[in-house]
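If you read the sequences in order, they're chains P and Y. Just so we're aligned, residue 1 is where the first sequence starts under my numbering, counting upward by one. Just so we're aligned, residue 1001 is where the second sequence starts under my numbering, counting upward by one.
No false leads were mixed into what you were given.
Facing chain P, a subset of chain Y residues (Cβ under 8 Å, in silico):
#1 G1051
#2 M1063
#3 L1183
#4 L1185
#5 T1188
#6 S1196
#7 V1198
#8 R1199
#9 P1311
#10 F1312
#11 P1315
What the hints contain is simulated information worked out from the structure, not anything from laboratory work. Keep in mind it's a predicted model, so treat the numbers as computed, not measured. Cβ coordinates follow ideal geometry from the N, Cα and C atoms, glycine included.
Residue strings, one per chain:
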Amino acid sequence: MSLRLRARTATAVLTAVPLALVLAACGADTESQAGETTGGGEPRTVTIEDNHGSVEVPVDPARVVALDNHVFETLSAWDVPLAAAPKGIMGDGLWPEYTDDDAVLDVGMHREPNLESIVAAEPDLIIGGYRFSDSYDDIKAQNPDAVVIEIAPREGEDQAAELARQTEILGEIFDRQDEAAAIVADYDAAVDAARTAYDGQSTVVGLITSGGEISYSAPVTGRSIGVLFPALGLQPAIEQAAEDTSHGDDISVEAIASANPDWIIVLDRDGAGVGEGEYRPAKELIEGSEALASVTAVAEQQVVYLDPDFYLTEDIQAYTALYEQIAQAFEAAA
Amino acid sequence: MNAQDPAPAAAASAQAPTTGPDAGPGRRSALPLTVAVLVTLALVVVSLFVGVYDLRAEGGAEMFAITRVPRTVALVLAGSAMAVSGLVLQQLTQNRFVEPTTIGTSEWAGLGLLLSVIVLPTASISTRMVIASLSAFVGTMVFMAILRRIPVRTTLVVPVVGIMLGAVVSALTTLVAISTNYLQLLGTWFMGSFTSVVRGQYEMLWVVAVVCGAIFVLADRLTVAGLGREVATNLGVRYDRLILLGTALVAVASGVTTVVVGFLPFLGLVVPNVVSLLRGDDLRSNLPWVCLGGIALVTVCDIVGRTVRMPFEVPVSMVLGLVGAVAFVALVLRVQRRG
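Construct all of the structure, not just a fragment, from the sequences and the given hints.
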């Protein structure tokens, strides 16, 4: 079913993209003239290494479009205004200065992006990538005057280094190197605290809940939780590589009960207010499950729930908070 | 299509030797049915004892009651209901390639489920089932209405119309899901899987047992309906009312199954076809076979899904799609060779 669904989505996108291109081309003709307003002072640039190679980026660009949800928290903390952003995947009330401001154009969801609004925003810098990676070439072609960068954590690389790299690049672009260094230092401190608090033996299972079902988030590769295993040296309670890394593998409560983990760490994928009524919180699914009642993690209340917004943020700040949360939980149990 | 125009000609000719002279199918030896019951029972028992948790360990008995029994009961109910639904639809449309997932009944149930979640976010699961069943009923009636307006109803046109209709509805569901942010959930809901069936999560499925019972009662009349409107009317059957009733039963079975476990593709197609290929077309005497076949097939697929990637599971719909497709191609080839 999900394959069929994916195929259908692909078809929809394939038909929509040429249309969007035509529309965008029309938009570009009429509106690109108005954008040349940068004057006064000599524009400084900095050369950074993004996911595609070296790019020369203007320092402290005036009009920024950000599509990668790893960067909103940092930009928000630094009061960087945005010209356009994908409001549909930014949640409610996480970054109200972006989502509630009508002057910030809405790029829409990554599945059906409104790339025209990026052109309309007349950006100097576009921070693309992550959920919008598929649109990179289109965005680049449609915005010849803008610098397009992708600095989202790359797959297969060490995630801690990738998050730090992303933050440091942002620091260089917005001339906030010190703040960037502080964010990275906080992150490193939180990882160290969690690693120290871990007893080295307790077994851990990562889970993802969605649509009232529980699935398994594999060590290393599993979404959001997988990286905790190598970073903290956690002992997995179930030793098996998983296939569906972003949505988790189908697993029965029986299998979790049988593995009897000491700790359970859960990403509640619907937690960010996606499905209001149908939503069954991870807490209810796990602690309310008869089959899991005798599992050590549940019996001793050693279940760590990720921040409900984690699925939308996944940024360095969110991980810092998660490591701090885990450190506290480990310490409390020790 | 009228009475003189039996469904796929090839399939009908394959059955001619069995159905023709033997006017009393119920009089045959009871031995084969007994064997089938025993085989199915054996599979059901195996299903009870397949799983990751060691039942001999502490809490094993508890786990047995919490997960194994509900899962097996759900397999039995959903398997028989979907297979019988396929059989009924095949009678009502006089076409062998029709079943809830090929004429859009399941897709309509899915649309109803999604709409119920959006419009009535706090509704209970039983309300959702009612809405899904109503939607499935409306959709199946739409299909029937379209079918009546199509002059050329050859064997393949009917399912093609159904699949097209289903695709349109499914596309609409996807569109609604995209614009309301439910797309990720859609896959989870409609993926036919018994993984999350535990005590307290499946009891609504008992409704389909009632549906199966009703179909047993209606069996003879449905067989007559399968001869076409004129013959049925001549024989004193209220054809239109029967069509409505049959469709409603199928809609309830599909609606409830979709809400509890998701789509179970091919089940209603393969099982009734294999049964009528082996035994001829008498609906009443075939019904127990179709029930058993549905239970056996879905149970085997679920056992396979549970064991191939232990401790993880492969959704039953995936195994069913694979097994069902192979079985169906084999069926078509066999029919062609005979014809």
